[in-house]
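Take these sequences, add in the hints, and give me the full structure.
2 protein chains.
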Amino acid sequence: MKQPKQPFSVEAVVALLKEMLPRDKDVVALHEPCFQGNEWAYVKECLDTGWVSSVGKYVDRFEQMLQEYTGVKRAVAVVNGTAALHICLKLVGVEPNDEVLLPTLTFIATANAVSYCGAVPHFVDSSEQTLGLDPVKLDDYLREIAEIRKDGCWNKQTGRRIKAVVPMHTFGHPVDLDTLAEVCARYRLELVEDAAESLGSFYKGRHTGNWGRVSALSFNGNKIITTGGGGAILTNDESLGALAKHLTTTAKKPHRWAFEHDAVGYNYRLPNINAALGCAQLEMIPRFVSEKRALAEQYIQAFAGMEGISVFTEPDFASSNYWLNILLLSPENAVQRDRLLELTNEQGIMTRPAWRLLHELPIYRGAPSMDLSVAKDLESRIINIPSSSFLGASYVQT
Amino acid sequence: MKQPKQPFSVEAVVALLKEMLPRDKDVVALHEPCFQGNEWAYVKECLDTGWVSSVGKYVDRFEQMLQEYTGVKRAVAVVNGTAALHICLKLVGVEPNDEVLLPTLTFIATANAVSYCGAVPHFVDSSEQTLGLDPVKLDDYLREIAEIRKDGCWNKQTGRRIKAVVPMHTFGHPVDLDTLAEVCARYRLELVEDAAESLGSFYKGRHTGNWGRVSALSFNGNKIITTGGGGAILTNDESLGALAKHLTTTAKKPHRWAFEHDAVGYNYRLPNINAALGCAQLEMIPRFVSEKRALAEQYIQAFAGMEGISVFTEPDFASSNYWLNILLLSPENAVQRDRLLELTNEQGIMTRPAWRLLHELPIYRGAPSMDLSVAKDLESRIINIPSSSFLGASYVQT
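Protein chains in written order, with the working numbering: chain A, 1 to 398; chain B, 399 to 796.
Do not take every clue at face value.
What the hints assert, rightly or not - What follows is a set of in silico ranges between Cβ atoms, one per label pair, in the way DEER data are often shown:
{"hint": "1", "chain 1": "A", "residue 1": "D139", "chain 2": "B", "residue 2": "E542", "range": "53 to 61 angstroms"}
{"hint": "2", "chain 1": "B", "residue 1": "Q745", "chain 2": "A", "residue 2": "K150", "range": "42 to 50 angstroms"}
{"hint": "3", "chain 1": "B", "residue 1": "E636", "chain 2": "A", "residue 2": "P254", "range": "23 to 31 angstroms"}
{"hint": "4", "chain 1": "A", "residue 1": "Q301", "chain 2": "B", "residue 2": "P652", "range": "33 to 41 angstroms"}
{"hint": "5", "chain 1": "A", "residue 1": "G93", "chain 2": "B", "residue 2": "K471", "range": "42 to 50 angstroms"}
Think of the hints as simulated: they come from the structure by calculation, not from any bench. Here a beta-carbon is modelled for each residue, glycine too, at the ideal position from N, C-alpha and C.
Structural data, given as structure tokens:
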């Protein structure tokens, strides 16, 4: 016999979260790193050998491990995800005054990387199925505003070239990459994946970041693995991979002692000590993913018994890392979002809303955009809840 | 009775270096870090607490320690010296199409930071006394080409505004900052010090980086102290300091959970684990400086007995960190530079020439410049020799 559902209230949500989460700490963080592997050993080796910076083996090893795990031909480690995105856009040829399509529901870095290139962000709506960029709606929109010319895709309304699309795999959930790739091919747009949040997430069995011409990862302190600060550029194009390495290491030509630089390059190389941390963390990723998926399953079950709220679940075509779990309020409960944020944070359970939609920030208010009603709706109803991998450890089926 | 000097030969130089340098390693590096203090303790604490990234106390402590050591009011730690320079230029208001005066004899980062702002590097000659930007020659040059208008200094030849001057304290030796500050005041130019190489160097008793409106430090692996990769912005202007922190941390407004960004910011924050290394390193800097100065003194004495070559010594007004020691060939021996580089490196003594002059690189060949004859001459005669602090340990007078 089916149990009747518990009615929604902010207090009931807090009670349910408290029941599931450990009581041994004053505050349950949104996401904490877990160092239980070779982190000490590798970092100490860096200090013992003096190889903490650009010289040392861990950067190469970390890049190799990223290649093996994601299946891409070339990974280039950099200082952070923002730097990775910046170089990705340079690699596909984004130039000043180009437009780049990206979701309005994303972290500011996606748009800032576009600005660093002197290009203009053009905001796209989200899909309820993935929370990420909606390729079907984008297709309809481009049919209206885009014109294919010999030199690419042009925006008939602004007179600017549209060079690339940057989907972001929101909170770890992959967008519909097959459909998006079709749209990109039809409109001659470069596909750049912002996979900052989706290390450990797969689309139709292939890792996210392995679908775009180039892609960006992040290893910030709140990500599924961390290097302190760090990121990586992924690509299956060997020549772009070599160029990524060159541009992120000041574009210096190899020589035993001479300094010859053949481009305006960047100092984006990940230090060896941070890469050492990354190697140890990446060794643990199968465990982290399984713990985070177990935690998500537990949240999903727990909230299945409550009306007016649900836990967002991965799309059918995806296996997600569930980087940050999402409580999705029903539309009639959206008004309760801020009270729920207040109460949970007051009670030591860290939560946060989705990012402020980028097209609403004063700095990007003048940027072109399509109808963004789905993103607006989602943003009003999303709350992220504690998602550290270790919170799921006890729920893993062994 | 004065000893006659030994005649110059490449072989004699190599022999003298070999005599002075330790024989226990296959290769004597140009500069290696030294971790003999609290490095491991602090880094381990980061790992134990999980505070490796943006959360944690070491970034604040490192900034505080930098303030105390350099005497500036505000230090802001960032991912590297290039990022520091980029933000310094933004802070003083460098805008696209402005010109920025900088030496042609410097590392590529000085010019690249200008390019990141969409501005144009304008190359200045060097002084034989300091190896850095020559303020007297600059003054004469500006008298010719500059025009002061209500809105600043303009280049009559190119029609562009000249916004700032970026001296670089070459290999640790301070430029003549008083004279340069006068020139800047006269021509309404912002003074931005590239102090990447001069942590531990003082001009007339006050630390380099404490003279410009803003200044940049570097803690790359080859610097006097290292954080793996890292840098800092220094300023005595509290409001610019606050803006530096804001711009380097994605320009996010402070809030417990909301994401509101009020400018196109940067992800340039130094991770806590790298700052931990920095705290331990900065505790050791008095020792590093004294060891490096003792090593320099030893080199100076050793080469005083040879004709046609000398070791560059600090200008009268400076106390230098002697970051990288410099063999300066006499003009007639300049032709021997490359053979000396070959032979030393072959024999396991790492050496290098100065950087390729920036105005000669294809990417900056079109940039405006003054007569650069002194820099050209110096570049043809400079060779950097091994300068790790521990090489000087046995020479320190106790």
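List of violated hint numbers, smallest to largest: 2 and 3
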